[in-house]
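K.L.:
Heads up: the sequence shown begins at 15 in the working numbering, then just goes up one per residue.
Just so you know, these hints were derived from the structure itself, not from any lab.
A portion of the hints provided could be inaccurate.
Claimed, not checked - Ranges of calculated distance between the beta carbons of each label pair, as one might list FRET restraints:
| id | residue 1 | residue 2 | range |
| --- | --- | --- | --- |
| 1 | Ala90 | Gln215 | 19 to 29 Å |
| 2 | Pro57 | Gly91 | 41 to 51 Å |
| 3 | Arg228 | Arg170 | 34 to 44 Å |
| 4 | Ser156 | Leu222 | 27 to 37 Å |
| 5 | Arg150 | His221 | 14 to 24 Å |
Note that this is a predicted model, so its numbers are computed, not measured.
Note that the Cβ used here is the ideal one computed from N, Cα and C, for glycine as well.
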Amino acid sequence: MASDLPFLLERFGLVVRTHRVGDLDLKWAEVDRADGLVREIYPEGVNPDGDAPAWMFAWPAALALAEHLVVRERPAGLSVLELGCGAALPGIAAERAGAGRVVCTDCHPLAVDLALYNGRLNGCTNLEARLLDWHRPDWTDSFDLVLGSEVVYFERTFEPLLSVLKNSAFSGARILLSDAFRPQMERFLARCKGEGFAWRQQAEVVHLPGESHRVRLTCLYRL
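Whenever a hint applies, use it, and build me the whole structure from the sequences.
P.N.:
Given below as structure tokens:
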């Protein structure tokens, strides 16, 4: 499968990991020599207020959302959109759990390539990946379920993210967000309340070899 990868991902290598989620073994590739790839993409250094290269890994919040989808949500037949997908674990979990159509999106072209690669690793046949700039969304599709893992981070993205959420979710759709209890989430939800959203939250624990992580799941819905 390496021949399907862009040159930069081949050059800095991928390491494949596996995690048991419910009755599924999910696989994903992460960038092996991430420091080298970061220097290649950002030769002048990463702007702490800019586009962080978080897409190179699957974070605990993504695993928690994937587990929730497989064990509790079971989105059989639903159309699913993942925002800021990176390695695309939640989108892949939704597809493996029976979703009818899954679209994984990210603003970085290499993240889209990585999402497609990981979809192939898992034998996904109903998964596609696209570029999506929240500031300039270029489609009008609506979905039954919208996913986002660690997407509530920079406050300057709150308004474009909220706009994408409003325009991408069918009436009655659910929006599932996961994060590592970041303070930004509470400020984002205050904006959502002003736009007619309500929410419920729960804490989850993701167990990885030698470590555990607490993650917050937020389910947004229109009143």
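K.L.:
So, for every hint listed, does it hold in this structure?
P.N.:
Checked hints:
Between Ala90 and Gln215, the C-beta spacing of about 24 Å keeps the proposed range 19 to 29 Å intact. One distance hint, 41 to 51 Å for the beta-carbon pair Pro57 and Gly91, holds here, with the actual separation near 46 Å. At about 27 Å, the CB distance of Arg228 to Arg170 disagrees with the hint of 34 to 44 Å. With their beta carbons about 35 Å apart, Ser156 and Leu222 fall inside the hinted range of 27 to 37 Å.
For the pair Arg150 and His221, the supplied restraint of 14 to 24 Å is violated, since their beta-carbon distance comes to about 39 Å.
Consistency note: the structure conflicts with the earlier hints numbered 3 and 5.
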